[in-house]
Amino acid sequence: MSELPVSLGRLILYIAVMAVVTYLIRMIPFTLFRRQIRSRFLRSFLSYMPYAVLGAMTFPGIFYATSSFPSALAGTVVALVLAFFRRSLLTVALSACGAALLTQCLIQFLL
Amino acid sequence: MSAAVLEFFVKIQQNHSYREGLRDGVPIALGYLSVSFGFGIAAVSAGLTPLFALLISLTNVTSAGQAAGLSIIAAGGPMIEMALTQLVINVRYALMAISLTQRVDDSFTRPWRAIGAFTITDEIFAVASTKPGRVGVRYFSGLSLLPYLGWAAGTLLGALAGQLLPTLISGALGIMLYGMFLAIIVPPARRERGVLVAVLSAVALSCLFRYLPFLSFVSSGFALIISAVVGACVAALLCPMDAPADETGDSDTGCEPSQEVRHE
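Residue numbers (numbering that gives the first Met the number 0), protein chains in the order written: chain A, 0 to 110; chain B, 0 to 263.
Everything labelled a hint here was simulated from the structure, so no lab data went into it.
Be aware that one or more of the hints could be misleading.
For each label pair, taking beta carbons as the anchor points, the in silico distance ranges come out as [claimed, not checked]:
#, chain 1, residue 1, chain 2, residue 2, range
1, A, Arg9, B, Arg189, 49 to 55 Å
2, A, Arg85, B, Val87, 32 to 38 Å
3, A, Val80, B, Leu83, 41 to 47 Å
4, B, Ser215, A, Leu101, 28 to 34 Å
5, A, Pro4, B, Leu57, 20 to 26 Å
6, A, Gln107, B, Asp241, 51 to 57 Å
7, B, Val87, A, Pro4, 19 to 25 Å
8, A, Ser38, B, Pro165, 49 to 55 Å
9, A, Arg37, B, Pro165, 50 to 56 Å
10, B, Leu50, A, Tyr63, 28 to 34 Å
Taking lysine to any residue pairs in the SDA-like style, the calculated list, with each CA pair at most 20 Å apart, reads [unchecked claim]:
#, chain 1, residue 1, chain 2, residue 2
11, B, Lys130, A, Arg85
12, B, Lys130, B, Glu19
13, B, Lys130, A, Phe83
14, B, Lys130, A, Gln35
15, B, Lys130, A, Arg86
Stretch-level coverage of chain B by chain A, calculated; a stretch enters the list once three of its residues show a Cβ under 8 Å from a Cβ in chain A [as the list claims (entries may be wrong)]:
#, region
16, 107-114
17, 178-192
Glycine included, each C-beta is placed from N, C-alpha and C at the ideal position.
Put together the whole structure using the sequences plus the hints.
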């Protein structure tokens, strides 16, 4: 716990700047861009984008998402297998969590 | 099949309801709850009151941006640094917003877009834009509601009671969002080569940014943008998607909704 080095007014200004910049980044392209894109490359690029974003966010981040590498690895493997067999988002997410928790318990209480 | 009948069936398939959105939002909300819990803890230990931690989450709704913003506040940094940092870390949302404009239906009028834009996050964008059919205002509002509440609730809980939760549990919760990501990307990667190429090249780049010492100066926001953009470019070059007209066969000009038929 530490003391904040800024006044209340400045804190509110910080938050306002953060919020406005972040909102405008989302809002301007979403409201102003209304055409259907014709270019085959651009259309392909835009529809592959979400998968590329998720891939880059998941690896290697997933290996550091829990309190230890073995538990993260267990969660990753379980999630990959269940996702491969097309289980629902919630099933995969909760099972990954459960596998990580179980592995962490084993590490802490058995080793 | 006549164009009118085809259009009718396409319309039925495309109308994902509010309720369906709510359901798809549950895993995102649970994941957010655990991630923002961490933010709540960090905000309070930086010296913010729980109410201001909550205010940041309610007005920003972005994990990396908030974490960076918090460190600037804690250091009392210049306001321009705050603005530029948010711009760099969050500029990926602009790309996602443009991508999403190609998938929304006519119910997304300008005012609705201005409102909906507020909850374009990595996860909500990914779920909405990988959903078969067009994305309507109803579905998108349903999809956004629970994650938004989860993001706020997690922040407040973390700020108020962060120290009370056993680390055993809070540690395991961290993998939840990633599990959901895998559930989103693996099935289409099995089915479509282009998706597989996009994911694998983005993953490879993202790992290089993380592990190559001379690349580690690149901030995580930039690394994500570069990995995703290059990955999607590689896939678009190697496996360009068929023109919409090729997939439905009998559509007249090949424009508008038929491109969505590719999923399921």
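Against which earlier hints does the structure fall short, listed by number upward?
The structure conflicts with no hint, since it agrees with every one listed earlier.
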